[in-house]
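Engineer: From first to last, the protein sequence lines are chains A and B.
First residue of the first sequence? That's 1 in this note's numbering, and the numbers climb one at a time after it.
First residue of the second sequence? That's 1 in this note's numbering, and the numbers climb one at a time after it.
In case anyone wonders, no lab produced these hints; they're calculated from the structure.
These figures come from a predicted structure and were not determined experimentally.
All C-beta atoms in this analysis are idealised placements derived from N, C-alpha and C, irrespective of residue type, glycine included.
Don't take every hint at face value.
[To be verified] Beta-carbon label-pair distances, calculated as ranges: (1) K57/A with R22/B: 29 to 37 angstroms; (2) S52/B with M27/A: 20 to 28 angstroms; (3) S80/A with G62/B: 42 to 50 angstroms; (4) A2/A with S39/B: 13 to 21 angstroms; (5) S39/B with D26/A: 19 to 27 angstroms; (6) D98/B with N73/A: 19 to 27 angstroms; (7) G77/A with Q45/B: 23 to 31 angstroms; (8) K57/A with L112/B: 40 to 48 angstroms; (9) P83/A with S52/B: 42 to 50 angstroms; (10) A17/B with M19/A: 25 to 33 angstroms; (11) G53/A with D98/B: 30 to 38 angstroms.
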Amino acid sequence: NAGVTQTPKFRVLKTGQSMTLLCAQDMNHEYMYWYRQDPGMGLRLIHYSVGEGTTAKGEVPDGYNVSRLKKQNFLLGLESAAPSQTSVYFCASSQAAKNIQYFGAGTRLSVL
Amino acid sequence: AQSVTQPDIHITVSEGASLELRCNYSYGATPYLFWYVQSPGQGLQLLLKYFSGDTLVQGIKGFEAEFKRSQSSFNLRKPSVHWSDAAEYFCAVGALRDDKIIFGKGTRLHILP
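The shape of chain B in the complex, shown without the other chains:
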């Protein structure tokens, strides 16, 4: 069965430190992958997506993610976090023949001043 795992429920980093949020997926077909961000009380906003091609994708707000097929992973990274990055982050996966995507349970990011 298709699944998406975000192993970390909460992550705390200091402002200015680097960040990596993990996402692992299990999918039979070639996946397409997304990272969304949700600020408190808001809907979800797309950070970046991977469909094909270059496995390192750039997104908004200085985020990037790398697709590693051999590890079934699509980890999100940012070199230096800002206090405004405190939010919940969701990884999602779908496939070409599917009508829907599956979301992970999310990772809540806390930023220390």
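Pulled out of the complex, with its shape left as it was, chain A reads as follows:
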């Protein structure tokens, strides 16, 4: 019973490098979300998706891109990483917007 799985768990990047964070859910959920968590800031929504092939911007989308080519996967990309993107990233999924969100364990990213 995997739920929401995020890979990788940890990553260190140099400024300007690119990377992709993968989120996979096995609950057949329609909605998927990417958040970043910074000390004292709570969770801020980066991008989200309400179904396969759809994406939408959240509160802090700049510097990130996403894709939802398959219902079970939601990818978060950083094309040119910046130190300001050092954070813990969480993926979540839910069956509908007002339903419970299930979270992955997070990806801790450091950009040097």
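Following the hints, put chain B in place on chain A, whose structure we already have.
Structural biologist: Relative to chain A, chain B alone:
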């Protein structure tokens, strides 16, 4: 604009004491409300939710919360805390027509032995 406020960044209580964590929201529509808990190094886990009906809702781990529309509040309570309750707690709010929910900045709970 929609917002969620958790006025207390840190709270410290003694083991066995009662607990109340505050959450206030500003939302135009009828809200639905959540409390999540995050243990160190973990993702968030749902404690309880309110959509409609009885304004006092029960959750896991002995937690409860009361929705007070007149005060725009959804405070979390527990009669007697355990050392394992030390964690960060997040209040969140959404509305029926929204595709997303908004999280508060969190309250970190410390437990004294």
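Engineer: Each hint: holds or not?
Structural biologist: Now the hints, each set against the structure:
The supplied range of 29 to 37 angstroms is met by K57/A and R22/B, whose beta-carbon atoms lie about 30 angstroms from each other. A hinted range of 20 to 28 angstroms holds for the C-beta pair S52/B and M27/A, which are about 24 angstroms apart. Between S80/A and G62/B the Cβ separation comes to about 47 angstroms, which falls inside the hinted range of 42 to 50 angstroms. For the hinted restraint 13 to 21 angstroms between A2/A and S39/B, the CB-CB distance of approximately 19 angstroms keeps it satisfied.
For the pair S39/B and D26/A, the beta carbons lie near 23 angstroms from each other, so the given range of 19 to 27 angstroms is met. Look at D98/B against N73/A: about 24 angstroms separates their beta carbons, and that is inside 19 to 27 angstroms. Our hint of 23 to 31 angstroms for G77/A and Q45/B holds, since their Cβ atoms are close to 27 angstroms apart. In this structure the hint that K57/A and L112/B lie 40 to 48 angstroms apart at CB holds, the actual value being about 43 angstroms.
At roughly 45 angstroms, the beta carbons of P83/A and S52/B sit within the given window of 42 to 50 angstroms. Taking 25 to 33 angstroms as the suggested C-beta distance range, the pair A17/B and M19/A does not conform, at roughly 45 angstroms. A hinted range of 30 to 38 angstroms is violated for the C-beta pair G53/A and D98/B, which are about 21 angstroms apart.
When each numbered hint is compared with the structure, violations occur for hints 10 and 11.
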